[in-house]
Amino acid sequence: MTSPGEIYGIILALLFAVAAGLVGSFALMKRMLLASDVISHVALPGIGLAYLFGFSPIVGGATTLFLGTLLIWQLQKKTGLATDAMVGVVFAGSLAIGAALTPQEDLVEALFGRFQVLSFFTFLLGVAAVLLVMLVIFRFRDQLLLSLFSPELAAATSVRLDRLNLYFLLVFSLTVLVGLRFMGALLAGALIIIPATTGRRLASNVPRFLLSSCLASVAAVGLGLLITGFLLPNFSPGPIVVAVSALFFALSLLKETA
Amino acid sequence: MANPVLVLSVRKLSVSFGQRTVLHDLTFDVTRGENLAIIGPNGAGKTVLFRALLNQVPYEGSIEWAPDTKLGYVPQAIAADRQLPLQVDDLLTAKARLLKLPDEAVREAASIVGLGTELLTTRIGVLSGGQFQKAMITFALLGDPNVLLVDEPTASLDELAQEHIYELLEKLRLERNLTVLLVSHDLSVVYQFASKVLCLSKGRPCIGSPRDVLTPDTLAAVYSAVPKFYQHAHPHNIKE
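Just so you know, the sequences run in chain order C and Z. With my numbering, the residue at position 77 of the first sequence is 77, and numbering never jumps. With my numbering, the residue at position 170 of the second sequence is 170, and numbering never jumps.
Calculated from the structure, these hints are not laboratory results. Errors might be hidden in some of the hints.
With a straight-line Cα cutoff of 20 angstroms, these simulated EDC-like cross-link-like pairs (lysine to aspartate or glutamate) come out [unchecked claim]:
no., chain 1, residue 1, chain 2, residue 2
1, C, K30, Z, D81
2, C, K30, Z, D89
3, Z, K70, Z, E108
4, Z, K171, Z, E108
5, Z, K70, C, E152
6, Z, K196, Z, D217
7, Z, K12, Z, E64
8, Z, K171, Z, E152
9, Z, K196, Z, D29
Please read all numbers here as calculations on a predicted model, not as lab measurements.
For reference, chain C alone in the conformation it holds in the complex (with noise of 0.2 angstroms):
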């Protein structure tokens, strides 16, 4: 009934919404969760290219959103800017060329995503960059936690903001890039924000935090695969999966803030 390629599929799927709750929960600490939505509009012109040109769109994507990384991190260094003053820029700049680009019937699934049948292969390289994420993640958390609460404090305690920052943004696009197909360009940096504010609703502490936001996370995306799986075959679960994280966000609000 259901292949391997499909169970392949799940398990990326939920593998990527815990690096999704990891990510997000320290990108909203550090007050970039919109950087999100521009670094997954990023990977759409590429994705264009590569519908275009008949090239694999994650390829295409992956460049892209690489490059627009490596952009953002050169933008936030020179210039100083606050993250989120580049959203306006890029996110409109990247949505639109990529629109332009992509060919009017792929448009759809390349903005809002499909679920992924993936070959062993894929899935290898899928789990292989979540662990990655996870890794960095641990590693680097308490100098992310320093770096946070204060750059001058960190950086007194030796952390190295500038190579920090560009850790985090990478790991950050790695998330968005596991999660393009599926969710879409559209909504793969939604799965990195919705889930943190929810998470931060329901807890006080950071292991608690990145706890909450991790199974806001999953949840969403189980319960989001289950409905399009059973009741809505017709759909992506991409909508479906985002919807669901906004109900659960919903639901936190009836918690008093922690």
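Chain C is fixed; fit chain Z onto it per the hints.
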């Protein structure tokens, strides 16, 4: 004091940002166990001096620390995001892990400063000004520094809390033989605690004992106008 040990030697230090020179040709020494107060009007470069000492900004001239120097840095009140789900404990543990300190290091540092267990599990955003500074001092003490750089620790505190923080710093200095470099606006505190004063201003910097530096004349030159504090000409121990 026989043969004071040199902890810090600054020679011809200049820091500029683009066209603007913030520090110019600054030379001073700090010896072990000293409490150096750094005063001066806003914009005179007090915090910039600290950042240069911490090697966080490019500078000209030389800054030499004694080889065994371990720095602890207590920042100015940080406008910490009140929404951060960050507890005091989270922050202290992060530094302890980065420095590979044993598990009990956080508790030890907290007990030295008198930071209660309940404060360790309090979110940083809801700490009072005094509690926040104590948390920052605890943070600085992790890793057992022998020099503390303290940047205006009492900027937003009421007088009682200010007094408390200064007494705590003084107690730490004496008990742990720390060298303290302290940026302060509060000249009466400087007069009370500092063993040496460095004043930064647009004109010539000056350095000397509080009694020599904190005179109406020097202060007028430093601040361009006489601040509220002035050195009392009469001794303080007159029976009332």
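Hint check results:
1. C:K30 - Z:D81: Status holds; Cα separation ~10 angstroms.
2. C:K30 - Z:D89: holds (19 angstroms)
3. Z:K70 - Z:E108: The hint holds at about 18 angstroms.
4. Z:K171 - Z:E108: holds (16 angstroms)
5. Z:K70 - C:E152: At roughly 17 angstroms apart (the allowed maximum being 20 angstroms), E152 of chain C and K70 of chain Z satisfy the hint.
6. Z:K196 - Z:D217: holds (17 angstroms)
7. Z:K12 - Z:E64: Given pair K12 of chain Z, E64 of chain Z holds - Cα atoms ~12 angstroms apart, limit 20 angstroms.
8. Z:K171 - Z:E152: Holds: K171 of chain Z and E152 of chain Z sit about 18 angstroms apart, inside 20 angstroms.
9. Z:K196 - Z:D29: The hint holds at about 10 angstroms.
Violated hints: none; the structure is consistent with every hint.
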